Amino acid sequence: MASKLHIHKPYVLKALSQPLDRPDGPGRHTVGEVLGQKQGSKRRKRSELAVAIDGDAIHLYDIVSSQAVTSYLVSPQSFFTSAPYSLRWRQAATNTATRYTYASTRDSLSKKKEIKLFRDAQDESGTSKATTLSHAHRCDQPIIFLTATSPKGATQSLETGLPNHDVIAVAADGTILALHGETLDSKWQSAPTLFTQELSTSAGAKNFRVDFVQSALAADIVDGLFGGSNELFGVFQEKVHRDGFNPDILIAITSVKERDIRRRHLHILALPEDKPSRQSNGQNIISVFVAPLPTQIEPTKIQLDVKSGTLQELSNGALFTYSFKAGIPQLDNQLPVSGMASFLRLSRTSVLAATEASLSVYNPVFRSLQTSTPMNIDDTKAPETNTRCDLIVYLPSREVAVGLLGSSLIAIQIEAPAIRSNKRRADGLLVDAIRRGMSRQDTRKKGSRQEHAESVILAEQHPALFSEESEEEWREKSAKADELLQNNDLQGFEELLAGVFKVQVDEQQTEASGDETATPAALPKWTWLGPEAEYAHVDRRWVVYAIQKVFTWNETPDGEAIRHLSCRMPDSNVLGYLVAAGHLSVSNMKSAYKEQAQRLDEIDRIIGEELPAVLVEADPMMELLLGYLSGTQLGATELTCSVKLLLRSLGQLEPPSKRKGLPQDAPEQDEAENDAIAMELDRLEEDLQLAESYLAADSGSRAGALSIAFSKLAMCPAAATIQSLRRLFKPEETLCLMNILRAELIRDGWTTRYLDQKSDDEEEESEAAPNESIQLIAELMCRCLDSVGLGGWMAFDALLANGGDKDQDSLDFFAQFQAEVSVALEGILEAVRLQGTLSETINYAQRCIDAAKGSKLSKGSRYKGQMLPFGLKSDMRISTDRVRSGGEIVQRSRRQMGYFHSKKKKAYSVNRITEEILMGRHVARVVKEEGL
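For the sequence shown, the working numbering begins at 410 and goes up steadily by one.
To be clear, the hints were calculated from the coordinates, so they are not data collected in a lab. Computed from a predicted model, the values in this text were never measured in an experiment. Hints may be right or wrong, so weigh each one.
Unchecked claim - Here are the simulated lysine-lysine pairs, DSS-like style, with alpha carbons at most 30 Å apart:
#: 1; residue 1: Lys-1313; residue 2: Lys-1262
#: 2; residue 1: Lys-520; residue 2: Lys-418
#: 3; residue 1: Lys-454; residue 2: Lys-525
#: 4; residue 1: Lys-886; residue 2: Lys-710
#: 5; residue 1: Lys-648; residue 2: Lys-561
#: 6; residue 1: Lys-716; residue 2: Lys-451
#: 7; residue 1: Lys-889; residue 2: Lys-734
#: 8; residue 1: Lys-454; residue 2: Lys-561
#: 9; residue 1: Lys-451; residue 2: Lys-521
#: 10; residue 1: Lys-454; residue 2: Lys-520
#: 11; residue 1: Lys-423; residue 2: Lys-561
#: 12; residue 1: Lys-561; residue 2: Lys-596
#: 13; residue 1: Lys-454; residue 2: Lys-522
#: 14; residue 1: Lys-596; residue 2: Lys-451
#: 15; residue 1: Lys-525; residue 2: Lys-538
#: 16; residue 1: Lys-648; residue 2: Lys-666
#: 17; residue 1: Lys-716; residue 2: Lys-648
#: 18; residue 1: Lys-958; residue 2: Lys-886
#: 19; residue 1: Lys-648; residue 2: Lys-710
#: 20; residue 1: Lys-521; residue 2: Lys-596
#: 21; residue 1: Lys-958; residue 2: Lys-1003
#: 22; residue 1: Lys-1139; residue 2: Lys-958
#: 23; residue 1: Lys-418; residue 2: Lys-710
#: 24; residue 1: Lys-561; residue 2: Lys-522
#: 25; residue 1: Lys-522; residue 2: Lys-538
#: 26; residue 1: Lys-999; residue 2: Lys-1121
#: 27; residue 1: Lys-454; residue 2: Lys-666
#: 28; residue 1: Lys-520; residue 2: Lys-451
#: 29; residue 1: Lys-716; residue 2: Lys-734
#: 30; residue 1: Lys-734; residue 2: Lys-648
#: 31; residue 1: Lys-447; residue 2: Lys-418
#: 32; residue 1: Lys-447; residue 2: Lys-538
#: 33; residue 1: Lys-561; residue 2: Lys-447
#: 34; residue 1: Lys-447; residue 2: Lys-525
#: 35; residue 1: Lys-648; residue 2: Lys-454
#: 36; residue 1: Lys-1003; residue 2: Lys-889
Stated by the list, open to error - Label-pair ranges, simulated between beta-carbon atoms:
#: 37; residue 1: Ile-1251; residue 2: Ser-747; range: 56 to 64 Å
#: 38; residue 1: Thr-602; residue 2: Leu-740; range: 40 to 48 Å
#: 39; residue 1: Ala-1129; residue 2: Ser-887; range: 34 to 42 Å
#: 40; residue 1: Gly-434; residue 2: Leu-740; range: 27 to 35 Å
Even glycine gets a Cβ: it sits at the ideal position worked out from N, Cα and C.
Input sequences plus hints: build the corresponding full structure.
Structure, rendered in structure tokens:
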């Protein structure tokens, strides 16, 4: 995706003169902004810069025309302690303009500290008159910030045509001076305790300093930092408004070092007004708000955008961005950029960063690089290379950023996208940050969360498959392994592969084996990991090599049903590792036999059907098959074949030859056939005894393997599962599989009604089945049905009917199966109905509780309710209207209302009849009741 911003090649705007050295170091260039204000209008930034050069002068430059506007000389022994402040004031009635340029200087010889005013007035004829004034101050620390307040007294300013403002100077120790803007006469001064009086610190004044100061209007602070809430500005009697009362505010960031910890705070100070009645107390300057900063860094540059409520700091090559919530600064993001020396905020989602070699635009929100350009300046006046670039100001209207590189002012043109309309649309979206992200190096520690252990795979580098060193190592070790196999040294072969696969070997067992022959008992014992552990990531070439050595591929002629795969090392630990680590996937097997796979069309089906059978032959206990199912990514073919093998081993799936019985009218067999049958029975008896020896021990593991196979088979695609069932299962075998699923359906209680009564013994013995089991059983049953089809059921029932007396009950198999499914469906419907009923009851109770919380009886109604008798009932109200015989509706008189009311009362009671009763508004109140 193309970048939406483009940085043009920077060029030299103006070459500056070299500054003279200071007493404490080399001279500096200090740059400040120039503001303009027309009488009766707001103050705005101008496309000009005020550059103060130590021992030389203050130069005002126009950025657009790259020309010098004016200059103010200073003595060679003077150097500047802060950035100059320049204001161009223009009267409304005339075309005259006056420039007020303020600077803080210090003499290197006399140590005299002054605040200078360079006043340049230009009349209508174009003649300028320059005036210089100075004010010597006695602050212990140098002045670090200068600004001018808004015009004081609008009426007086309109009459005289002067700005009538004050100059505010802030020292590094927190001292604040106020001077008259025209004469530099001292008006008031505040002590550094103004900052420290609200801080809970015991550090002295020596460890306190002011790092950053900026002036702003109260309305901008209310909207940007406090979200429109101006309750904190109660020190003024008037409400802060952008078009009305809008006083000047100072924002300062201070730091104090206490016990090797630097604590930083943000201060908001209210400057005094021209009318003392507007302030709630008589102080000159008031501390309105103090909030701590969340970081303890020592920034080299701070930039605050008050209107958007964004604070950004640069420290050790990282940009910290803060947002404000009710005035409290919160750290939003941290953008690490190696070698970043300066930055400028372009927008909320764009920051211009400068290093010694390049200029780049970053997105601090999504931590992405938008665009970049090298720091190459082709000019005869270009500064020396490897010089630190200090970005100063960005003009959004011109889309130009200005920086100071050595002794030259440089301009950087940042071109916006061509599709942008006149109104600047929101740039820096997430789509603009795609494929431009930066590495995250979050060094903040979160004590509330537990640290997780590093991943074994991610902690190691991926082996360099194409490097010369790894290729040479692979050739040497593979040749050594081949040599060990040729010499029939299986012990050395497995020790070599154990080191390659990063598997520990039992040293005691290896030493005890000594130099014995290569028997399974003499092989080294590998230490296997648990079922939830992960094996180390190894080179895939060794996995393919191990598969080629453990298995063999047999070439078979076309048309012969002979197995292609066979295992040559069934007792080897290498086979166990391949199974446990999950390396026996179809893709790895195809990689091991590429040539054979190219000659066969259905290689995936062949491997999927033969590999589980080979593992069962290698390990009749079926532990390898269990590891193969649990640790390998399998498809429908491998899982279906594994299910078939497990069902046969558990005796749940009988071969078709065993299901067919002899007909009742069969003729007698000859003696040779009887002998063959006897020998077959003897062999089966031996197999039965062998099976009984391990069936009781590992039937639980086989059942677990069958559960794993069923779970994975239900998650496979339905089409692939149905095709595998049709290919690998015969109709009678599918019947056995469905009988097993039916048994699970009954055992889990899905065919039992929820409302049926059970005995206490059954409730104690039965365990609740997981809710996911019904979904798994239903999914597998549907696939079994789809694999056979409706025609298959009809032919299958006929086949079962011819099987003899044993299978006579199978004629109505489909009807029984349909009945069981119907019962299960009824149970699910009952559960849904019970759930709905219970939900309605709970919702009704919740609504009653909520309604009871909101309704409270008044005191009077509660007392009246306690005095009412139990048998009281409300009588019908007497209507104030009546209908005459002619149908006319007239009102009853008071006498009639009293008559009807007396008839409703019982005997022996005295009632007080009021005017409300006669009007029919209230019921009469019983005063006294007497009985006989």
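What are the numbers of the hints that this structure violates, sorted from low to high? The structure breaks hints 1, 2, 4, 7, 9, 10, 11, 16, 19, 22, 27, 28, 31, 38; every other hint is satisfied.
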